[in-house]
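Model the full structure from these sequences, guided by the hints.
Protein chains in written order, with my numbering: chain A, 708 to 1182; chain B, 708 to 1182.
Since no wrong hints were added, every one of them can be taken at face value.
Copies of the same chain are indistinguishable here, so a pair counts whether it falls within one copy or spans any two.
Derived DSSO-like pairs (lysine-lysine); straight-line CA-CA distance at most 27 angstroms: (1) LYS759 - LYS1022; (2) LYS732 - LYS840; (3) LYS764 - LYS1029; (4) LYS1088 - LYS1013; (5) LYS731 - LYS841; (6) LYS840 - LYS1035; (7) LYS960 - LYS1035; (8) LYS904 - LYS880; (9) LYS759 - LYS1029; (10) LYS840 - LYS767; (11) LYS1101 - LYS895; (12) LYS789 - LYS912; (13) LYS759 - LYS841; (14) LYS1088 - LYS764; (15) LYS904 - LYS1170; (16) LYS1029 - LYS841; (17) LYS764 - LYS1022; (18) LYS759 - LYS840; (19) LYS885 - LYS960; (20) LYS1022 - LYS841; (21) LYS958 - LYS841; (22) LYS904 - LYS840; (23) LYS955 - LYS1029; (24) LYS960 - LYS731; (25) LYS732 - LYS955.
Honestly, the hints are just simulated from the structure, not real lab data. What you are looking at is a predicted structure, and each value in this text was computed from that prediction instead of being measured.
2 protein chains.
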Amino acid sequence: MEIKNKSITSRDVDFAQWYTDVCKKADLMDYYTTKGFIVYRPYGYAIWENIKEYVDKEFKATGHENVYMPLVIPESLFNKEKEHIEGFAPETLIATIGGANELQDRLIIRPTSECVFTEHYSHIINSYRDLPKKYNQWCSVVRWEKTTRPFLRGSEFLWQEGHTMHSSEVEAKEETLKMLEIYDQLGKDILAIPFVKGRKTEKEKFAGALETYTVEALMHDGKALQSGTTHYFGQGFAKAFNVQYLDKDGKIKNPYQTSFGISTRLIGALIMVHGDDNGLVLPPFVAPIQVVIIPIQMAKEGVLKKCREVFELLKNAGIRVKLDDGDKTPGWKFSEYEVKGVPLRIEIGPRDLTNNVATIVKRYDGSKETISLDKMVEEVKRLLVSIHEEMYQKALKNLLANIKEVHSYDELKEVVNKGGYAKMMWCGDEACENKIKEDTNATSRCLPFDQTAFDDTCPVCGKKAKYVIYFAKSY
Amino acid sequence: MEIKNKSITSRDVDFAQWYTDVCKKADLMDYYTTKGFIVYRPYGYAIWENIKEYVDKEFKATGHENVYMPLVIPESLFNKEKEHIEGFAPETLIATIGGANELQDRLIIRPTSECVFTEHYSHIINSYRDLPKKYNQWCSVVRWEKTTRPFLRGSEFLWQEGHTMHSSEVEAKEETLKMLEIYDQLGKDILAIPFVKGRKTEKEKFAGALETYTVEALMHDGKALQSGTTHYFGQGFAKAFNVQYLDKDGKIKNPYQTSFGISTRLIGALIMVHGDDNGLVLPPFVAPIQVVIIPIQMAKEGVLKKCREVFELLKNAGIRVKLDDGDKTPGWKFSEYEVKGVPLRIEIGPRDLTNNVATIVKRYDGSKETISLDKMVEEVKRLLVSIHEEMYQKALKNLLANIKEVHSYDELKEVVNKGGYAKMMWCGDEACENKIKEDTNATSRCLPFDQTAFDDTCPVCGKKAKYVIYFAKSY
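Set out below in C-alpha cells:
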C-alpha cells in the first residue's frame, strides 16, 4: 500500500501487538468486562457467518442434521466418561445457583457436548435402522482459560460440533476423515489457507478420543494454529452412556462414535495468514464486503449517480458490495477499508465519468487497473477469483518453504525456534515429545498422512524411528 | 384423516397431553436430565431454521447487523438498571466457580442482553455519525423457570434479540413498530398465524421498558400466546451505562433505545394453532419437508424409479421434498408423515405408472387429487400456495370468531373462562387488571392499535373508560 497505517504496529516490530491492533482497528471485536469473553462485532461476526454458510451446506449435503442441545451439563452426567472429565474439569465454568436456590447437581456450562449428545443418542438409537445418526450444532462453548487472546483462545467461543454414531468402526473412521476433508476444502475454497493434515499423537489427542485428526495452518510468525479437529471415540462413550441397538443379526450392540469441530479461531487464522502492516487482508469468498466503491470529488455532478449505478449493478450480480458516500475524505475511506481488508476498492471520480472507466485497486498487492464501466461485473468477478487463487498460492508457497526435514536434534531446535514446521522421524515415544517441549516449547502438530520414511532413527533418543511427524511452536 | 392416530391423545380429551404427545411423536424435541432444558431435535430445529432465515433476511434488509455477545453477565453489570434486575433476578442461573476458583463477581447466564449490548454501545457510540446502531443476535437464553413445557416455557430457549440505539425518541419508537410489523408479516407469510397486535399495559410490560408492544396468537384451546415483543426503553439504560454521543449541535446527549425478540415459542404456536388429532399440521413455507413421496408396492417394476424421478424434479424446482423408500409399509409411512404434519403426500404405485399420474393428499384437510406426472412441479407449487392461504384464512376466521366485545363483568368472565379474547373498555387502573386476574386467571393481552371506544365505563369498577383492551387466559 501507499502509506503505512500508523495506528497499527508493524508485524515485524511486535507481532502480538500487531494482531491485537488489527482485531480492534478492523472492528472485528471488542473487549468485555469479564476477562476472556469478547464481543463479536458485525464485521467479525459476518466472517463467521460466511464460514458457517459454507460448512453448513457441506454438512447438509453429506447427510448431517442440525440440532440444538442444552447449554448445561449436570456434573453427574459429565462424570460418566473418566478421561473426558479429567481433560476438561480444570477449565470449567460451573453454575451452582438456580432461581435463588443452591443446585443439588451443579451445572457445567458446556465446554463441549460429547456427554449431552451421547445421552440423547441413548434415548433415540434402538435399532440398526436408527444408524448412522449424524448431528451437528452451531453454538458457543465456555472454557475458563487463564491466558486469552481474541479469537485464538477465549473463555467463550463460537463453533460447530458434529457428533455421529455408526454401526461399524470402519464407517466411523471414514466419517472422521471425510469431515477433515471438508475442513481442508474450506481452507482451499474460501479461506485461501492451505493446511497440514494428519493424526495427533496420543499425547496431543482430544480427551476421551481414541484418534484425533487435525488441520493445521501456518501463521506469518512461523507458529502453527490448530484449525479444525475430528475425533474417533470407538465405543467408549456409547458404553459409558449405555447406547445400544438391536442389529439385523438379532444381537444387541454399541455403536461407534465421532465428533468434529471448527471455531471462530479461524478468524485468527485469516488475520495471521493473510494480514499485513496496514491491517486485515481478506480472501474474497469469506470477505463480508468484497468490493467497496469510493466516490472521488463526490460533490461533482454525476459522480454519486454513477457510483450508485455501479453499486446496483454489482449488488444485483450477487457481489457483496458497499458504497461509502459518507462525509469523510476519500483518503480516510481508503485507509478504513484497507484496515478492514476489503479485497477490491473501486474509485470513481469526474474524470472517470468522461472516459467511462473506474480505477480498481486490489487490497492484496496494492496493484491498480483501469476498467471500463461497461465491463464492471465480469471484471470484478474475474478479479475476485484471481485474487483468491493468488492468495492461496502465496500462502501455500510460504507453507511449503517452512516445512523443513530435520535429521538431528540441533536442526530440529533451530527450525522450531526460527519458526515453521520441523519434519522429523520419530520413535513414537512420548518421552521425546516431552523433551522437545521442555527444550523448545514446540509440540508435535501431527503425523502427516504421507508417512514416507527418510531416516532410520529418532534424532531425539537415537532409537528406531517409526513415524514421520511435524513439530512446531503453536498458538 | 382416515384413521385416528392412537398414540396421540385427542385434543378435546386432554389438550395439554395432546400437546406433549405431538411434541414427542413428531420428533420435535426430547427431554433432558436437567428439568426444563430440552433437546431441539432435527425436525424441530429445522422449523426454527426456516423462521430464522425469514426473519434474518428481513432484519438485514432493514439495516440490522448480526453480532454475538458474551453469554455471561457479571452481577455488577446486571445491577446497573434497577427495574430490570428486579424483573429477572428471581429466575437467573448463576455461575460461581470458574477454573476451580470461586468467582469474585458472580456470573449470570444471560436471561436477556440489554445490559451487555448497552455496555458495548458505551464503547462504540461517540458521535451522531455512529447512530443509529441496529444490532441483533441469534442465541439461547436461560431463565430458571419452575413450571416448564416444551417450546412454551423452558429454562433455556432459542431466540433472537435485537437491540438498537437512535438519536431521537421518534426514530426509536418507529423502530419498535417496524419490528412488530416484521413479526406480524412472519405470521402472515410463513407461519399462517394471524396475530392480535397492540401495546402492553404498565403491569404487563417488560422489566425496565417504557413501552412494550406485542403480537399475540390464539391457540386451539382458546388461550392466548405472546409470540413476539418489541420494547422502547427511552434513555434509561443509556444513562445507567453512560452511553453518550456528541451531536451535530455540539451537545453531549444520550441515545434512545429499543429491543425486540421472538423465540422457539413460535414452534409451540404452530403446534397449537394448526395441529389436529393426528398430530402436527405444518404450513408449507415453514415446513422442513414440504412434500413426501411414498412408493406403493415398491417392489413392482418402475415404481421406485418413477418416485426417484419425481423426487429429483421437485428437488430441482427448489421444493423441500423427501422420498421415503424405507422398508416400512406405506400405511406406517402415511401415519409417520401425518404426525409430522408434512403438507403434501404423493403416492405413486404400479397403476399410477400406467396412467402417468400420482395421488396427492393434503395433510391440512385430508383431501386427495389425482395429478398428471407431467404437471407435477406446477401443481405442487400451486398447492403449497393454496394450502398456506387456506390455513391462514382458517386461523383468521377462528381468531375473529373468538374476539368478543364484553359490556359487563359477568360477560367478561364468561368469555375468558370459555376461551378467546374479551374485548373490553378499561379505566386504565391496574386494580381492575388485578381483580380480573384474581377472579379468572386471565390477564390483559394488549391495548390494540384500533382504539375505537364502544362503551363509556369500565365494567369492572364502573369508572370512566379510557382504553380498548383485550383480556384472555394465556400460556
